[in-house]
Amino acid sequence: MSVNSSTPYGGGYPGAPGGHDPYAGQGAYVGQGAYAGQGGYADPGPGTYADPGTYADPGQYADPGTYAGQQDTYAAEPVAPDPVDPEPPADKPAEEESGSSKGGRLGAAVTFLLPTVVAFAMILRGIGDRQLWRDEHATWWAAQLSFHDLSMLIRTIDVVFTPYYVFMHLWIAVAGDSPTAMRIPGAVAMAAAAGLLALLGRQLFTTRVGVLAGLALAVVPITTRYGQEIRPYSFAVAAVLLSTLLLARALDKPSFKVWIAYTLSVPLIGWSHLASLAVLAAHLVMILIARRSGDKIVSWAYAAAVTLGMCFVVPMAVSGSGQSGQIAWNQPTFENLLEFPRDLFGSWEVAVPVMGLGALGLIFAGRWALPLAVWIVLPPVVTYVTADQLHLFLARYLLFTAPAWVLLAAVAVGRIAGPVAGAKAGSGAAARRGLGWVLVAATVAGIGFQSLPAIRETRQNPWGEPDYRRAAQIIEAEQRKGDGIAFSGVMAERRGMDYELRDDAGRPRDSLMYRTPQEMGSFGALECPDPAKCLAKAKRLWVVTTTLDGKPYSGMPPESATAIQKGFRVVKTRKLKYLQLVLLERKPDAKAEDPSDEKDDAAKRKVHT
2 MSVNSSTPYG
12 GGYPGAPGGH
22 DPYAGQGAYV
32 GQGAYAGQGG
42 YADPGPGTYA
52 DPGTYADPGQ
62 YADPGTYAGQ
72 QDTYAAEPVA
82 PDPVDPEPPA
92 DKPAEEESGS
102 SKGGRLGAAV
112 TFLLPTVVAF
122 AMILRGIGDR
132 QLWRDEHATW
142 WAAQLSFHDL
152 SMLIRTIDVV
162 FTPYYVFMHL
172 WIAVAGDSPT
182 AMRIPGAVAM
192 AAAAGLLALL
202 GRQLFTTRVG
212 VLAGLALAVV
222 PITTRYGQEI
232 RPYSFAVAAV
242 LLSTLLLARA
252 LDKPSFKVWI
262 AYTLSVPLIG
272 WSHLASLAVL
282 AAHLVMILIA
292 RRSGDKIVSW
302 AYAAAVTLGM
312 CFVVPMAVSG
322 SGQSGQIAWN
332 QPTFENLLEF
342 PRDLFGSWEV
352 AVPVMGLGAL
362 GLIFAGRWAL
372 PLAVWIVLPP
382 VVTYVTADQL
392 HLFLARYLLF
402 TAPAWVLLAA
412 VAVGRIAGPV
422 AGAKAGSGAA
432 ARRGLGWVLV
442 AATVAGIGFQ
452 SLPAIRETRQ
462 NPWGEPDYRR
472 AAQIIEAEQR
482 KGDGIAFSGV
492 MAERRGMDYE
502 LRDDAGRPRD
512 SLMYRTPQEM
522 GSFGALECPD
532 PAKCLAKAKR
542 LWVVTTTLDG
552 KPYSGMPPES
562 ATAIQKGFRV
572 VKTRKLKYLQ
582 LVLLERKPDA
592 KAEDPSDEKD
602 DAAKRKVHT
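In the working numbering, each number is its position in the sequence shown, counted from 1, plus 1.
Heads up, none of these hints are tricks.
List of simulated lysine-lysine pairs, DSS-like, C-alpha gap at most 25 Å:
hint, residue 1, residue 2
1, Lys-552, Lys-540
2, Lys-588, Lys-567
3, Lys-588, Lys-576
4, Lys-552, Lys-534
5, Lys-588, Lys-482
6, Lys-538, Lys-573
7, Lys-482, Lys-540
8, Lys-567, Lys-482
9, Lys-567, Lys-552
10, Lys-552, Lys-578
11, Lys-258, Lys-297
12, Lys-567, Lys-538
13, Lys-576, Lys-540
14, Lys-425, Lys-254
15, Lys-534, Lys-588
16, Lys-573, Lys-552
17, Lys-482, Lys-573
18, Lys-254, Lys-297
19, Lys-534, Lys-482
20, Lys-573, Lys-540
21, Lys-482, Lys-538
22, Lys-540, Lys-567
23, Lys-540, Lys-588
24, Lys-552, Lys-576
25, Lys-538, Lys-588
26, Lys-567, Lys-534
Distance windows between CB atoms, simulated:
hint, residue 1, residue 2, range
27, Pro-316, Trp-464, 31 to 41 Å
28, Glu-520, Thr-563, 17 to 27 Å
29, Ser-523, Arg-434, 53 to 63 Å
30, Val-353, Arg-434, 27 to 37 Å
Hints listed in this document are in silico derivations from the structure and should not be mistaken for laboratory results.
We put the CB at the ideal spot given by N, CA and C, even for glycine.
Let's have the full structure, built from the sequences with the hints guiding it.
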């Protein structure tokens, strides 16, 4: 009879008919009684280890009397017990949520792709409908420059966005500069952020928490808003989540490859937006917790990774510190601090439930509560306190804190269906686990419903932004050869109209531009010092004005306003959204020069050459 075969055993368990406990009073694996020819294995009766060759190997049991049942004096040496896995630490997920039970690579792929696809679908709808606003015009303008002109620009302004502008320059060269084409990279980054948040929730807590967090992020208004933004904020969110996920994996299953990947993710954070580097404080807390748990190497690995990664960011940050004046306009008040939750999530209807649940989620987050608390609290507090010096307290600069709030909210909801952290994470009855997935669907639907008004608003032109698109359509329909154009206001009118008229070969000549932005190494041009002479070539003049007082010339230098009023008369005025378009023609007594005799000058050229 083989030792691996099933053994009939009629009396080995108390409670069976005629049964007894063969181990009563002896204790398991003590080397006495049970293996000394007594008790459970003493009966040589039928079916009970009757094969005489079963234990015949003398190399295994050198004592010939061990199983003979004849001499108790030759008791067997104590048999070492099989290793017993210790109880998992309180901060580790239970076996039910181990890598294999989570589905391995397939489970990770589904966890990532589901929120990513939902987020991308939300962002893609109407992605090209909304007009570019002035910050997006700045991205387009910088990305259109040659690398030589871009190098001149970053010497004076926006050096911290250099990696993003270079990337967009390459992207536009391939995909074009339509609103849809330029918004696709940000849409992909923001959609990927939803998937990365799901993976992070899966890594730190349970699959259910991760999926809920990713889907919730996919439907909040900020995902659509900044996924359709030609600025680097969506890249900052994705970089922060990728870096945090890599660190969490490095702490769970350390490997050289994962630490190298984490090292490379650090400069990605800084290159997308310097303010996002504040998340490294939360990373440091994660390292300190791991070190306190007994990992003595992790602090050295983290120090090496961050030091090496920051080597690629510090030069840019040092250069950017001398350009902080470009955001000196950002002077937050206490009212801005109170409105920060609404600005961060896009509406109070979303901010209140998400942040309320997020605060509750800190109670159930286990050892990850402190890092997540640092992630959501420290950046806003520090940037608000240092606002007079750094001018970084702005919701879009701190967008990377929103996913942490969403993850904590998912923790709070997920806890209803069972533990989400510690040794029993993911455990519970099947009915309760099923309830958990019902809660996932209900929570995502609820947040999505609350987000609908704000999402509709994000697909419209931002409040206060002029309707340059309509102004350009009117000019293209009514322009004539020899027309000029001038600008009045403080809303980057020249850059906005330059974008909308970028494909118009017969566009009006920028009459008052004396030095191009390329020549200035700036976003703005230098106005003509002798307006009357610069305007002499124009037979008609289009004035694009965004002044709030309704006076079309109040937003330009007095000399320019005087020259226009002296040499031209108003033909018609069109009032558009936050913009006036005034068409003027030269007065009969004012002579215009023949445009065919023009020589090349700054005013004749497009802003981009």
